[in-house]
Amino acid sequence: MEKLVLSKSLMMQHFGCFRKGRWITHHKDIEKIARFKIGQHVRFQIGVVEPRWGWRGAQSNSRGVIISFNADGEVRVAFFGLLGLWRGDPADLEIDQMCEVGDWVRIRSDARFGIKLGMCNTPTFNYVHNLSMC
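Take the sequence shown: its letter number 26 is residue 26 in full-length UniProt numbering, and every next letter is one higher.
Wrong hints could be hidden among the right ones.
[Stated by the list, open to error] Label pairs and their computed distance ranges (CB to CB):
#, residue 1, residue 2, range
1, Thr25, Val65, 17 to 25 Å
2, Gln45, Asn70, 16 to 24 Å
3, Asn126, Ala71, 23 to 31 Å
4, Val49, Gly102, 18 to 26 Å
5, Gln45, Cys99, 32 to 40 Å
6, Val65, Ile33, 31 to 39 Å
7, Arg108, Gly81, 20 to 28 Å
8, Thr25, Asp103, 16 to 24 Å
9, Phe80, Asp103, 35 to 43 Å
10, Glu94, His27, 22 to 30 Å
11, Asp110, Thr25, 17 to 25 Å
12, Val101, Ser68, 19 to 27 Å
The hints are simulated quantities; they were obtained by calculation from the structure and are not laboratory data. Yeah, the Cβ is synthetic: ideal placement off N, Cα and C, and Gly gets one too.
Please work from the sequences and hints to get the whole structure.
This is how it looks when you write it as structure tokens:
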């Protein structure tokens, strides 16, 4: 039995336009994407020449944090060094992988920034206790 997917779309890019409402499609015609969440660190996708709704003061190498989403799917991002919030299409962004409290980590062998292994000759595993701004 073939599966069909019924989805209520806030925003779906389809041939350069947005379609609102429900849409039905075959399950093989869609792919899962990473879920954006408020508080996530994001950056522009590599290769974006011009975001759908313009740069609005941001640049291709800008990094920021998702602040909110509008009902129509518009994302608002606080980019570092940019006054005010950038508004745009989430399709122009990708998640900028960051560590979170509770993640398991290990010090990379080529680490350069303020890492002191102390008495350990090899990197050890640990988990993130807290995050602080330098």
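For each hint, the structure was consulted:
| no. | hint | result |
| --- | --- | --- |
| 1 | Thr25 / Val65: 17 to 25 Å | violated, 32 Å |
| 2 | Gln45 / Asn70: 16 to 24 Å | holds, 20 Å |
| 3 | Asn126 / Ala71: 23 to 31 Å | violated, 41 Å |
| 4 | Val49 / Gly102: 18 to 26 Å | violated, 38 Å |
| 5 | Gln45 / Cys99: 32 to 40 Å | violated, 21 Å |
| 6 | Val65 / Ile33: 31 to 39 Å | violated, 19 Å |
| 7 | Arg108 / Gly81: 20 to 28 Å | holds, 27 Å |
| 8 | Thr25 / Asp103: 16 to 24 Å | violated, 35 Å |
| 9 | Phe80 / Asp103: 35 to 43 Å | violated, 22 Å |
| 10 | Glu94 / His27: 22 to 30 Å | holds, 24 Å |
| 11 | Asp110 / Thr25: 17 to 25 Å | violated, 45 Å |
| 12 | Val101 / Ser68: 19 to 27 Å | holds, 22 Å |
Hint compliance for this structure: hints 1, 3, 4, 5, 6, 8, 9, 11 are not met, and every other hint is.
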